[in-house]
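Let the sequences and hints guide you as you build the complete structure.
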Amino acid sequence: MATHHRQNAAGRRKVQVSYVIRDEVEKYNRNGVNALQLDPTLNRLFTAGRDSIIRIWSVNQHKQDPYIASMEHHTDWVNDIILCCNGKTLISASSDTTVKVWNAHKGFCMSTLRTHKDYVKALAYAKDKELVASAGLDRQIFLWDVNTLTALTASNNTVTMNLGGLLLQALLEFWPRTHINPMEEEEGELNHVNGEQESRIQKGNGYFQVPPHTPVIFGEAGGRTLFRLLCRDSGGETESMLLNETVPQWVIDITVDTMICAFLLHSVLC
1 MATHHRQNAA GRRKVQVSYV IRDEVEKYNR NGVNALQLDP TLNRLFTAGR DSIIRIWSVN
61 QHKQDPYIAS MEHHTDWVND IILCCNGKTL ISASSDTTVK VWNAHKGFCM STLRTHKDYV
121 KALAYAKDKE LVASAGLDRQ IFLWDVNTLT ALTASNNTVT MNLGGLLLQA LLEFWPRTHI
181 NPMEEEEGEL NHVNGEQESR IQKGNGYFQV PPHTPVIFGE AGGRTLFRLL CRDSGGETES
241 MLLNETVPQW VIDITVDTMI CAFLLHSVLC
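Just so you know, we're using UniProt numbering here: the sequence shown kicks off at 1 and counts up by one.
Simulated from the structure, these hints should not be mistaken for lab results. Hints are supplied without guarantee of correctness; some may be wrong.
[What the hints assert, rightly or not] Here are the simulated DSSO-like pairs of lysine-lysine, each with C-alpha atoms no more than 30 angstroms apart in a straight line:
hint, residue 1, residue 2
1, Lys-27, Lys-121
2, Lys-27, Lys-129
3, Lys-117, Lys-88
4, Lys-88, Lys-121
5, Lys-63, Lys-117
6, Lys-129, Lys-88
[Claimed, not checked] The following label-pair restraints were derived from C-beta to C-beta distances:
hint, residue 1, residue 2, range
7, Thr-148, Lys-63, 29 to 39 angstroms
8, Pro-40, Ala-124, 19 to 29 angstroms
9, Gln-61, Asp-138, 18 to 28 angstroms
10, Asp-65, Val-33, 13 to 23 angstroms
11, Gln-64, Gln-140, 43 to 53 angstroms
Virtual Cβ for every residue (Gly too), placed ideally from N, Cα, C.
Written out as structure tokens, the structure reads:
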């Protein structure tokens with residue numbers, strides 16, 4: 001590294017310029033590696049470097065030099081990478097605030113997406129939908145259609161999808177189970193309480209695996225409660241039916257209109 005200092009005669013401001021004298025081809029990472037992606041079909045490994053370079057390596061043990069190529073287009077840390085389209089396309093997220101789309105086989109940048117206003121820190125890929133989500137320090141999450149390389153927004157939603165409904169369903173999908181699983185119990189199994197027989201199965205809502213008196217609360221991320229119900233009052237046997245039959249439509253409408261994670265779902269297990 002070379003450093004130049006300059007100060008004019010009046011002594012008003014000192015300027016320091018630093019730069020790295022590097023090789024024409026940088027085979028090895030000059031800094032940390034933030035992310036990895038493996039293409040098992042072509043036996044290639046992609047690494048996302050803090051030196052702004054994405055490198056391609058061979059994982060073939062019989063190859064003496066594993067380095068294949070460098071993909072240089074970012075100007076700051078590459079924070080995350082994903083392979084999509086059956087390994088044909090690589091998408092990268094960088095601290096230079098851009099998301100880039102690469103031809104993974106030939107190693108060149110096909111498109112630069114500049115919607116974020118701050119570091120882009122993470123990517124997520126839905127293989128069955130060919131959709132990619134990018135998240136940045138600007139507190140924004142963008143959903144991308146990989147096939148068209150366009151952002152899906154409230155005014156440009158080329159994929160027919162109820163995002164608000166999917167959000168609420170996702171919150172309910174992995175509801176914690178108690179030690180009793182009604183779906184695995186026999187229909188006629190009974191529990192004796194105070195000399196009377198009480199069914200251990202909650203009728204009418206086989207989805208919830210929690211006591212019927214457990215409250216389910218929908219609230220704003222800031223903490224204000226918007227809607228509350230008890231498990232015994234919930235309708236439907238799946239999370240979809242719960243949303244359709246129990247949760248007020250305005251709760252779903254707000255999340256669909258804004259397309260953001262506006263709600264938190266929590267419970268108080270008693």
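Holds or violated: Lys-63 with Lys-117, Cα cutoff 30 angstroms?
42 angstroms, violated
Is the hinted pair Lys-129 and Lys-88 satisfied, with a Cα-Cα distance of at most 30 angstroms?
16 angstroms, holds
Between Lys-27 and Lys-121, does the CA-CA distance stay at or below 30 angstroms?
Status holds; Cα separation ~24 angstroms.
Can you tell me whether the CB distance of Gln-64 to Gln-140 sits inside 43 to 53 angstroms?
Since the Cβ atoms of Gln-64 and Gln-140 sit about 45 angstroms apart, the hinted range of 43 to 53 angstroms holds.
Taking the beta carbons of Asp-65 and Val-33, is their distance inside 13 to 23 angstroms?
Holds - the Cβ-Cβ distance for Asp-65 and Val-33, about 18 angstroms, lies within 13 to 23 angstroms.
With respect to the beta-carbon atoms only, verify the hint that Gln-61 and Asp-138 lie 18 to 28 angstroms apart.
42 angstroms, violated
Okay, Thr-148 versus Lys-63 on CB: inside 29 to 39 angstroms?
36 angstroms, holds
Does Lys-129 sit within 30 angstroms of Lys-27, going by the straight-line distance between their CA atoms?
35 angstroms, violated
Run the distance test for Lys-117 versus Lys-88: straight-line Cα separation, threshold 30 angstroms.
Holds, because 28 angstroms separates the two Cα atoms, which is no more than 30 angstroms.
Between the alpha carbons of Lys-88 and Lys-121, is the straight-line distance 30 angstroms or under?
22 angstroms, holds
CB of Pro-40 to CB of Ala-124, is that within 19 to 29 angstroms?
20 angstroms, holds
Violation of the numbered hints given earlier is confined to hints 2, 5 and 9; the remaining hints are satisfied by the structure.
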